[in-house]
Amino acid sequence: MKVVTGVIGNDIHVVANRLMDLSLTARGYEVFNLGVNTYLEEFFDAAVETGAEILLISSLNGEAEGWGREVKLLKAKYKSLDGLTMMIGGNLTVGSGNAEDIVTRFKNYGFDLVCHQVDLNTGLDMLEEYMQEQKHS
Amino acid sequence: MSTNNNKLLVDIGSTYFKVSTADSIEQHFRDFNKRILDDLMHKCGDIVQSYEPENVHICSSANGGLSTLIIGLTHSYSLKYATNIAYNSGINVIDSIVFQDIEEYSIPSDLIDVVIIVGGIDSNGGVFDERLTSYLDKLNYSNVVYVGNKNDAQEIAKTVERLEILPNIIDDRLHIVETHLKDYLTNLYQQDIEGKEDIKDLYEVTGNQIYSTPFVVNKSLPLIHTSFSVTDPFILLDIGGATTDVHYSKDLVSDNIVTEQGHDRIVFKKLGVYKSRQSLIFTAENNEYAYELLMHLKVTENIYNEHSEKATKILMQLAIFLVLCKMSHYRPAYVTLKLLAMNSIVFTGGITKVLNTEDIEDVVAFFYRKILNSDHKPVTVLDSDYDIWTLGATEHAACQ
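For the protein sequence lines, the chains are Z and X, in the order given. Going by my numbering, the first sequence wraps up at 216, each residue one higher than the last. Going by my numbering, the second sequence wraps up at 418, each residue one higher than the last.
Hints are not guaranteed to be accurate.
[Said to hold, decoys possible] Simulated restraints, written as ranges between beta carbons of each label pair:
no.: 1; chain 1: Z; residue 1: Lys156; chain 2: X; residue 2: Thr354; range: 18 to 24 Å
no.: 2; chain 1: Z; residue 1: Ser102; chain 2: X; residue 2: Asp155; range: 21 to 27 Å
no.: 3; chain 1: X; residue 1: Ile120; chain 2: Z; residue 2: Gly107; range: 21 to 27 Å
no.: 4; chain 1: Z; residue 1: Gly107; chain 2: X; residue 2: Ser297; range: 54 to 60 Å
[Said to hold, decoys possible] Non-contacting residues of chain X with respect to chain Z, defined by C-beta distances greater than 10 Å in every case (computed):
no.: 5; residue: His46
no.: 6; residue: Glu72
no.: 7; residue: Ser94
no.: 8; residue: Asn205
no.: 9; residue: Glu215
no.: 10; residue: Glu222
no.: 11; residue: Val317
no.: 12; residue: Thr318
no.: 13; residue: Glu319
no.: 14; residue: Cys343
no.: 15; residue: Glu376
no.: 16; residue: Asp380
no.: 17; residue: Asp403
Everything labelled a hint here was simulated from the structure, so no lab data went into it. In this text, a Cβ means the ideal position worked out from N, Cα and C, and glycines have one as well.
Build out the structure end to end from the sequences listed, making use of the hints.
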């Protein structure tokens, strides 16, 4: 299964990005890692060029909040991304925040799976479960 | 000047031609009623005849370059990579089309020299459909090349006649692969130059292949420090009679394109002070700051209708301003350069014969103040003896 991943916005958390890449690869995914400092349009464009089934965005310094609001609008411009599974994880807010509120907010932005301050492996388990469910539904 | 003692270097432009020997460099305004060879021999016959054909090296930008239309999947990858390769091969991109919206694009009426189709990594497929053939059927083109994913190649070849299939320009890590498309386009450009009757005549005086001028200038960029005090990153502006070429350090671009070369090229096809004069004026009239620049230069818009030395000088200053605008966030074109990080700005071509350093610095400072709200001042370098061209031509001649 193909996954496009990277760190959104002006965010240089390269270690987290590398760990994400290694973990996904270890779980058998074909990973297209766009690295740090990636704009939203590049994520969607990469999904189109690769034919990826999953887009996994990570964020560690609150950049996701600003960019997340653009997701629905931008994704609607693409005619071939209806089946794309959208996931976001990391530290999705600046300072402290209620996890439940944050998850709801990002789901409203258009993400299918939201992992705020969730351990990497737990998050990837959630992804696998979700993909299994999608397969059977 | 960095010219080999026994070489004669000739550059044929759309407005002027230049002849460079070890001792001198001459520039002549072209007589458009004569064939290029006749004009050259009339004005510089003695010099040309004093060299053996194998020691005469000619480059030309007088054929205007080839035009391409690119059909790709996305702006960030397929279209961007193909555009980059096309510009660096000396080809002018007239339009780029996102395939998913292909039915919404108008059909260009002009003959397109080469259509480039690109999209998808090799493990992807089925990204193109009959809308591609339907669009191509309405298009007037001479060549068509496919550099997209492997899986779709044969299917497209069944419906598109004379389709040249080359390896994908996007690898499996979404990186650019330049070689094959670049070679194809460069060869196409060479064939075009050789095919032009006017240029073909020039083989009577040279035993070497005639290359495109942007190709030769590009050769000189890594060597520019040997002749000029240029600090990286820099841009080189060649404002000519018909087009404006910009060569820029890749450090000035935030890009996802990773290549080995340190410089890229972009061309503004209708920005020049002679053949493209009207289009330059049109661009100026549509720029809200151009009027202010004219005021700053103490002239009015009536200057557009004048044909004097002063008018040419003002138009050249306008051209500098408009090119910088096109390379900045103010008028985003194919690339936006980090102009505040630029340390040197090098000018070559006819512009150096008309403007002095002060004239240029005045406009550059105006641009930085008005558009970028900054007092940044890159060092202006004037290549008034065509040293950059001779540097590239000499380097190339030495390799032949």
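Going through the hints against the structure:
Between Lys156/Z and Thr354/X the CB atoms are about 21 Å apart, so this pair conforms to the stated range of 18 to 24 Å. Against the hinted window of 21 to 27 Å, the Cβ-Cβ separation of Ser102/Z and Asp155/X comes to about 48 Å, which falls outside the hint. The given range of 21 to 27 Å is broken by Ile120/X and Gly107/Z, whose C-beta atoms sit roughly 36 Å from each other. Range check, Gly107/Z to Ser297/X: about 56 Å between beta-carbon atoms, so the 54 to 60 Å window is met.
Interface exclusion of His46/X from chain Z stands, the closest Cβ pair being 48 Å apart, more than 10 Å. With a least CB separation of 47 Å from chain Z, Glu72/X remains clear of the 10 Å interface cut-off, as annotated. The beta carbon of Ser94/X sits about 4 Å from the closest Cβ of chain Z, which is not more than 10 Å, so the claim that it is off the interface is violated. Every C-beta of chain Z lies more than 10 Å from that of Asn205/X, the closest at about 27 Å, which supports listing it as non-interface.
At the 10 Å boundary, the C-beta of Glu215/X stays outside the reach of chain Z, the nearest C-beta of that chain being 42 Å off. The claim that Glu222/X lies off the interface holds: its Cβ sits roughly 49 Å from the closest Cβ of chain Z, which is beyond the 10 Å cut-off. With a minimum CB-CB distance of about 42 Å to chain Z, Val317/X clears the 10 Å threshold, and the non-interface call stands. Once the 10 Å rule is applied to beta carbons, Thr318/X is consistent with being away from chain Z; the minimum gap is 43 Å.
Against chain Z, the non-interface label of Glu319/X holds: every CB pair exceeds 10 Å, the least being about 39 Å. Against chain Z, the non-interface label of Cys343/X holds: every CB pair exceeds 10 Å, the least being about 23 Å. Listed as a non-interface residue, Glu376/X keeps its Cβ farther than 10 Å from every Cβ of chain Z; the least gap is roughly 39 Å. No beta-carbon of chain Z is positioned within 10 Å of the beta-carbon of Asp380/X; the least distance is around 35 Å.
With 10 Å as the threshold on Cβ separation, the claim that Asp403/X sits away from chain Z holds: the shortest Cβ distance comes to roughly 42 Å.
Checked against the numbered hints above, the structure violates hints 2, 3 and 7; every other hint is satisfied.
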